Amino acid sequence: MSVRPICWRRADIQFATQVDVGGLELDDPRADAVFLAIHQQVPIGRLQKAGTTETAAIVSEDDILADFTRDLSSNEPHLLFVTGEPGTGKSHLVRWLRSSITDRPNWHVVYIEKRNTSLRRVIERILTGVGGPKATALLTRLDETAIRLSSTNEAMLALLGALERLVRFDDAPSIGNLKGAELAELREKAGRLVGDYTFKTKLSRPGGPIERITNLALHGTDPGQDVGEQDLHLLPEDLEIDPEDLAGAGAEVGRLVRALANASFRRSIADLLDHYLARAKGEVFTGRATDLLDVFEEVRREVATRGQELCLFIEDLVLLHGIDTHLAQALTVPATRDLCRIRAVIAVTSGYLRDVTTFAERGVHYTMDVERTRVGPEPLRAFVARYMNAGRVGADELAASRKTRNSAVLNACDACPYHDPCHDVFGHSADGHGLYPFNRPALDRMVSLASPGGFDPRNILREVVRAPLEVAEDELMAGVFPSARFAATLDANRTDLGPELRELIRQRSASPDAELSLRAFYAESPPRVDEEVRAAANYFGAALTDIDIDEAEVEEPTEERRPGPQRDEIDRWVNGDRLSAETARAIRRWILDTVVARLQAGPHGFQVRRVRKGASDWQIGAHTVRLVDVRIKDAGGEGAIEGEVTLSFDRIDADALLLKGVLAAARTGRLDGSEFGQWFFALQTRLSKFESEVIEAARRSVSADVGSALAVLGVYHRLSDAHADGGSPLTEMLRPARRDGLHTAAATFAEKAVRHRERALMVLRDRLTQSKGAGAPSVFDAGAVLADVRAAANLQCLRQPFTGSEDLVHVLSAFDRAQRDAAVAAWRDVNTELRRLRDVLSVDEDLAGALDELDRFVDDAHARGLLPEADSRDRYRERRQGLITNAMETYRRLARRMSDPVGPESLWEVAVDPGPALRSLGEYAEEVTRLLTGVGLKLAASGTEVGEGDRQVVHDAFRELADRLDQLEKHG
Amino acid sequence: MSTVLKDQAAAARLAIAESDRRSKNEAELAAIAAARNRAKTATELIAQAFSVRSTLADHAVVVPPLAAHRRKEAGDGRTGLRRAATQLTDPDRQLTGLLNGQSVQSALKQAEDLAKALTSSAQAAVEERRKALRPDGLDSPVPDIPGHASIVFKLRTAKARLEEAVIAVALSALPERLRRLEEAADTWRALRPILDAHIAALPPAIQRFFQAAATEAGAPWSLVTPEVRSWLDEPDRRDQYRVRLG
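Line by line, the protein sequences give chains A and B.
So the first sequence is residues 1 to 972, counted in the numbering used here.
So the second sequence is residues 973 to 1218, counted in the numbering used here.
For reference, chain A alone in the conformation it holds in the complex (with noise of 0.2 Å):
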């Protein structure tokens, strides 16, 4: 048959089967045409009582609809609840009920749909038809908080404003488990932390968990969109923020925001804030004034007064996260004369009423939760033929039906021209609705993949019709059908089908896709090929090969030669299950044996050993090959980090014979044990090129090796005094003598570092020196690496990146760390001096003139008496002569280097203690500046100026005293 028709349309599979039928608006003609020609009956559980999950009864919809409908004899409001996990159906049966009850003019009617339900909507909805003043002026409320919160950004501000309030000021003595001063500072961090700028914009931001809480509330949900419950709360994974993140916050916030990379404190303040949520929510989005018992209240006397009922229908209670707890308060006050009796259905998914407590252990409690097997493979046909064929018909000509056929559904299949031939190749429902482009068994194997454990109709409509209908678009005309695409995400490796007729079929099929698919998907018994895989290969155009599953089973090894369990662990493998640890062990020890069995026997020159012995691993060179790198995906063993060179196996059939093969051999020793040994050759290739990059690698490692051991022993000799001597550098790094007078950190560093100069020697011994295949080491030329040796010997620290074999790369960090190490501590007590000499001594200081002039200053000032002490001079010329040479310039050199970053080269900066020098200075400059000091308050307590005053009394004395004698010469 070469017609191959595609008799549904896209769009309309993709109308029919939304992910939720609450897309399906209600009272549009088109939507209830398909809702109508889609539903399918399935069992419901009826529990046992409320708030349990065990199941006293499987009933019908037709049961829960008269449940719902019978006449109420009391006032307690008749509440049925509708529970299940989320695409179980349950808004499905709501929708159904609302459907299904007639027109009934006692009752007023309010349905709740998921589709665009934001709180606001759902208040409206409440009051539709209810004018009370109360109900006036809560519209009016909702109109103004419309207003108010105009766009996303400001209602997530307010949001997190009313969070904040609530977090801080509500005065609930206990949450949950939390009460006390632990409640007290959990409220106090929570609400610093929502009241954060920077922390509220990181929760605000696009895609955050503020935004998807307040879209929902602010615009209900999206009808392609699947929410979920989690979506209408805040997690804990809504905190996970990256402290960097918050750069720009305060100190505290800081701290919080770290605090919360902790999960208990996390959870906590998540818990905290989402207890509140529900509250900030109704708040904002609802109005804070808002009391909907008294709306409700207003809203059931006005019904009362019309001589109605209420009659309410709720698709999802969990997306009226935020009023919730008052609807559940509203809808379980009694009727009273003046208050209208209430009946609902509610539909909320399985565990949110244990939050709910007003409603977990009141009203009748149904579930969709129901195992697939109860439904029944003919209904489960049946229902997705009906999806099918709604997609087939198309929504506009249901409706157009509907109208003129009243309940009957048109089947596209009556009208269809290839209805004989197509049903008898694939099949059709009970109901007559052809299972095409599948066939039964296809149908069911998918419905089985989708839905393994439960009910669970929303994945069966996505994976097995919307998803597999779109490849049959896409690939009948090609005459590809059924590709790899068809059914990849529930079984892309056909596991069906062992990886050797699996190998088979892509080896000789002509079309090995379309083959795959049919013998695992279409036959009665995968992968025999059966009539109905041949009816349907032939419909499709796919060519079958003719290899009989007996064929491929005789090619597996006996069960003598490999037990059952473990024959089939490799199959399982390639089909997604993990490979066992002691499996992959065995496989991975063979390969790695073989490998190391052609390299001792290779002519590269490279020594084979074991790491250690008894060690799994070999050194190859410089280079370890390592059991784990053999990898094979998802096996035991894989965590450990990916080796420079590995032989990878993925979870293909190709290497899952190969695997296979290995495995027995390592087994029973074999060669020929899988496949006739065809394995083995196919391996070879592999081998080869591992055994070829593990070689390069070596010589890879020596090169590097070398570089990186004399790199250690360069910088390592520095700490040798024939390095101050400027001698032959081979020699001095090979025999360094420490030089003297070292600081301690320098010391230290000298004595750590000791093992990793001698691993660096054992290196250069191993790789200077190569053998002939398994034979001793000979010496090897070490002039190759002379101007290597020149290079390190002028080295001041190791060079990054580190390279090397894995364990030199560690020796490197190590001798990298511990001199790093050695110049912060050095540089730290150098530091320390040279701030205490620099407030005694300028580094400008010309030492040289400053001694000349000093000295001349202090024989000056002993001389004259001037110096404090008597035995100042015999003070100073002891700290003259304790002046060590080139002191100065040790000062100098380090003064400029004070403030530069200290990275491991700093050391030789300060290798040789510096500190003697610069205390000498210290101690010379300290006792100079004593000196000074003192005999400046001498001199400046001292003298008179004589004047001219002076010089005139004295003359005129003595020309008195002269006249006087002039008269006694003259008197006598």
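Any given hint could turn out to be false.
[Unchecked claim] If you want a taste of the chain A side facing chain B, the calculated C-beta under 8 Å gives, among others:
(1) Arg402
(2) Asp844
(3) Phe857
(4) Arg864
(5) Val935
(6) Phe958
(7) Arg964
Calculated directly from the structure, the hints in this document are not laboratory data.
Keep in mind the model is a prediction, meaning the values are calculated, not measured.
Cβ atoms here follow ideal geometry from the backbone N, Cα and C, with glycine treated the same way.
Dock chain B against chain A, hints included.
Here is chain B on its own, set in the frame of chain A:
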């Protein structure tokens, strides 16, 4: 202040040099003060000597003129001082050296010696006058006769003044000393006869007792006769006497 030690040391050395200079000034000032003080003292003494000589002359006490060699010394000193005074007017002249020099020092010494010589000759002149004023009978004791204490006191004071030699009396004090000597001589001459008359009026035993009591050895108990005792026991005399053990 510079933080460079070399600069600090250089500054300190400059400060020491300045201090040295100031030390020299101090020495110079000290030399000036000393020279000026010595000159002034000598000048004042010489002037005083002239003045005292004139005063003493009014009391007929003649101070002999300086000997010839002293007058020559005075001439040498005058010349030296006048030369030094001339040199002092040279602002570039180092005063310390000048003032402490031989010439000035010698001149000042001569002036000081001359002042001393003038003083000594004035003192000697007054001493001569004292001796001349010394009355006869000054060596006899002055008995303390009851009822004549004032006369006894004045006589004893005059006696002490006239017996004290004029030695090391300041030049300026010589005129006063001379006046007191003359006054003491006058007192003795006026009152001694009166006291002797009172003594003579007493009974002989009592005279003997008082004469002995006025000596440094005192009166022996044997002289305290009943007559003496009875005389001493008179109501107005009873409490005026004390017996001391020798």
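Open item on the list: Of all the hints numbered above, which does this structure not satisfy? Sort the numbers upward.
Closed with: Violated: hint 1 alone.
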